[in-house]
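Novice: From first to last, the protein sequence lines stand for chains A and B. Throughout the first sequence, residue numbering follows the numbering used here, covering 1 to 341 in sequence. Throughout the second sequence, residue numbering follows the numbering used here, covering 342 to 611 in sequence.
None of these hints come from the bench; they were simulated from the model. Just so you know, even glycine gets a beta-carbon here, dropped at the ideal spot from N, CA and C. A portion of the hints provided could be inaccurate.
Said to hold, decoys possible - Derived, one-sided and incomplete: chain A residues facing chain B with beta-carbon distance under 10 Å:
hint, residue
1, S37
2, Y74
3, G98
4, R183
5, D318
6, A323
7, L336
Claimed, not checked - Pairs of lysine to aspartate or glutamate residues, derived as EDC-like cross-links and limited to a Cα-Cα distance of at most 20 Å, are as follows:
hint, chain 1, residue 1, chain 2, residue 2
8, B, K584, A, E141
9, A, K279, B, E592
10, B, K414, B, E507
11, B, K521, A, D202
12, A, K331, B, D598
13, A, K279, B, D357
14, A, K48, A, E12
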Amino acid sequence: MESILALTHVDESGSLTKASLEIVTAAAELASRLGASLTMGIVAPDAKTAATTPAPAGARLLAVTGEAFAQARYASDAAACEALCRAAQATIVLAPTGSRFARVLAGVAYRLGGVIDTHLTAIGGAESVEATRWFYRQRIEGILSREARPWFLLLEAGTHAAFTADSADAQVEQVPVELPALRTTVSGLRAPAQGAQTIRPDAKLLFVAGAGWTKKQSDGKVHAAEAGELILGFLRLAGASLGSSKSLVDQGGDGQPVLPFLTHMNQIGQTGATPRHAKGLSTCCHGEEPHVVGWRFIGERRAISLDPNCGWTRGKADVVYVADAFEVMAKLNGLLDAHKG
Amino acid sequence: MGNALHVVVCAGTVPDPLQTLEPITGPNGPGVKNEMMLPAVLDPWAASALYEAANLVARNPGSKVWLVSLGSKAKLQQVMMAVAQKVSFELVPIDGPIGGFTDAHATAAVLAEAIAALPGLNRERLLLFGGWESATRGAGVTLQLVGERLGIIDQFQGVDQIEFREDGSFEVLERVEGGKHQASVCMGTPAVLGWATGNLAEPRNNPQTGMANMRTIMPALQKAKPAALQADGLHYISVALPKQHRTTRIEKDMTPDAIARELVEWIGAE
Numbered sequence: 001m002e003s004i005l006a007l008t009h010v011d012e013s014g015s016l017t018k019a020s021l022e023i024v025t026a027a028a029e030l031a032s033r034l035g036a037s038l039t040m041g042i043v044a045p046d047a048k049t050a051a052t053t054p055a056p057a058g059a060r061l062l063a064v065t066g067e068a069f070a071q072a073r074y075a076s077d078a079a080a081c082e083a084l085c086r087a088a089q090a091t092i093v094l095a096p097t098g099s100r101f102a103r104v105l106a107g108v109a110y111r112l113g114g115v116i117d118t119h120l121t122a123i124g125g126a127e128s129v130e131a132t133r134w135f136y137r138q139r140i141e142g143i144l145s146r147e148a149r150p151w152f153l154l155l156e157a158g159t160h161a162a163f164t165a166d167s168a169d170a171q172v173e174q175v176p177v178e179l180p181a182l183r184t185t186v187s188g189l190r191a192p193a194q195g196a197q198t199i200r201p202d203a204k205l206l207f208v209a210g211a212g213w214t215k216k217q218s219d220g221k222v223h224a225a226e227a228g229e230l231i232l233g234f235l236r237l238a239g240a241s242l243g244s245s246k247s248l249v250d251q252g253g254d255g256q257p258v259l260p261f262l263t264h265m266n267q268i269g270q271t272g273a274t275p276r277h278a279k280g281l282s283t284c285c286h287g288e289e290p291h292v293v294g295w296r297f298i299g300e301r302r303a304i305s306l307d308p309n310c311g312w313t314r315g316k317a318d319v320v321y322v323a324d325a326f327e328v329m330a331k332l333n334g335l336l337d338a339h340k341g
Numbered sequence: 342m343g344n345a346l347h348v349v350v351c352a353g354t355v356p357d358p359l360q361t362l363e364p365i366t367g368p369n370g371p372g373v374k375n376e377m378m379l380p381a382v383l384d385p386w387a388a389s390a391l392y393e394a395a396n397l398v399a400r401n402p403g404s405k406v407w408l409v410s411l412g413s414k415a416k417l418q419q420v421m422m423a424v425a426q427k428v429s430f431e432l433v434p435i436d437g438p439i440g441g442f443t444d445a446h447a448t449a450a451v452l453a454e455a456i457a458a459l460p461g462l463n464r465e466r467l468l469l470f471g472g473w474e475s476a477t478r479g480a481g482v483t484l485q486l487v488g489e490r491l492g493i494i495d496q497f498q499g500v501d502q503i504e505f506r507e508d509g510s511f512e513v514l515e516r517v518e519g520g521k522h523q524a525s526v527c528m529g530t531p532a533v534l535g536w537a538t539g540n541l542a543e544p545r546n547n548p549q550t551g552m553a554n555m556r557t558i559m560p561a562l563q564k565a566k567p568a569a570l571q572a573d574g575l576h577y578i579s580v581a582l583p584k585q586h587r588t589t590r591i592e593k594d595m596t597p598d599a600i601a602r603e604l605v606e607w608i609g610a611e
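Sequences and hints are given; from them, build the entire structure.
Specialist: Spelled out as structure tokens, the structure:
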């Protein structure tokens, strides 16, 4: 019989992260389907937080607590997760694919002689466990299973509803951890200088700027400054998140005209983010990156392009406007401004 | 800085991102149709790691870069013709299967074994570099597994910057949620760094660097050790292209005013 462990951690506020709560839901569903035992493991800086964590009825509750676990760091987090897994004697470990656990759980799987799969979008199967994930940067979808145990399954955020329940009445078992010498100190979080313009998951709309913004326009001249004003104006008025194609970001290094507020943090596609916004508007983009790879999880998609025959938008975007993005965005900003006023 | 570094970069080859990929299932499991015929490039995030490694080594006299790459010899040779012109390194090729459907655990075992056997490598000065995720499997676990096998417990993923200090410690910026970086200070090597894009542009081709690299790359390729990867209980139930296909409305004759009005309505709609 399988034994399932839901690995979770708290955020700066002391509450379980939303992704962790989704994992609790996924683990409870899987345990119910397989008739497996369920354990919940918590990494938290203090015991009080762990004691008030909501947990599924009947689940065993394990916690690793201590000041060392307030920081997301490989050596301490790996030791904490290893201790929780050993205490739970789990055959299947579910965890969120956030930066904290994604950094350490492959190492933990190795320590336990197990295996790991990440970026899972679904866990199915009738009597077995079948994991769904993407390959080749969201181009090919595969379903796989493994015989080896323990099997670590890291689920993407948004695949399950967040677990909700009253604070747990279950007894929390503290799991001791033997920490190695810690050579790394986390000094904090830093927002990039252009923080307001990086990809923000909370925005409803993703605006994608392509390399066409900095190419010669119909008058034979480059209008990079005007492009920057139009884009920043739109972001401010629409509350949109800003993504960019790789070619536009790379231009800075090649000495070509650039939009100064763009960094690699804005990049989407093969070497960038694959954001999940409800809507996406691409402008001056040409190529597979923005329209296929970077847009895989965008709900409604529209594009403004001068190329009526761009094969990458066909079948990928809902609407393609064949028009000059400079003219359209100027009009659009005017209308949005008037609406706000 | 007086820190002589031994930087080992793990990097695979991947199909050129502009190629259309079609999955097939053969006797050895799933793969990509005509994969050997598709033009290949160095894995993009791993390429960032290589450029950062070269930049670091250039600023630290006595340092060295190894590029450890698992892949078919033919593909490696093709990719090296381009990569060798960018920066100086010593290639350590391993002749074996690579792609999205090979098992990361088996890949990591082969890479760790090759790195542990590198002549002249000082493991106390080791910085193990690579892409934080590949453009094939994209699991983000191989480098971690290699690091664990080599006993390295200071690991960083999604790295965009490393800055060395006089005392040999270094600060690392890692990508975390919300478009932010987590800043950490590590007391020194050894460490594992899985790179995101970093901050460096792709170096320009330098034919002299290419010629110097190729003198050692070609013999290394000829002597590349073969490696067989075990599936180790991994089964693929299905592998397919996503079925989603949209009916695209193409508007060729709308005025900018009309487009803007339609977009305002669309943006505002719940």
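Novice: Look at each hint and say if it fits the structure.
Specialist: Results of checking the hints against the structure:
{"no.": "1", "hint": "S37", "result": "22 Å, violated"}
{"no.": "2", "hint": "Y74", "result": "4 Å, holds"}
{"no.": "3", "hint": "G98", "result": "6 Å, holds"}
{"no.": "4", "hint": "R183", "result": "4 Å, holds"}
{"no.": "5", "hint": "D318", "result": "6 Å, holds"}
{"no.": "6", "hint": "A323", "result": "6 Å, holds"}
{"no.": "7", "hint": "L336", "result": "6 Å, holds"}
{"no.": "8", "hint": "B:K584 with A:E141", "result": "10 Å, holds"}
{"no.": "9", "hint": "A:K279 with B:E592", "result": "19 Å, holds"}
{"no.": "10", "hint": "B:K414 with B:E507", "result": "41 Å, violated"}
{"no.": "11", "hint": "B:K521 with A:D202", "result": "14 Å, holds"}
{"no.": "12", "hint": "A:K331 with B:D598", "result": "6 Å, holds"}
{"no.": "13", "hint": "A:K279 with B:D357", "result": "28 Å, violated"}
{"no.": "14", "hint": "A:K48 with A:E12", "result": "14 Å, holds"}
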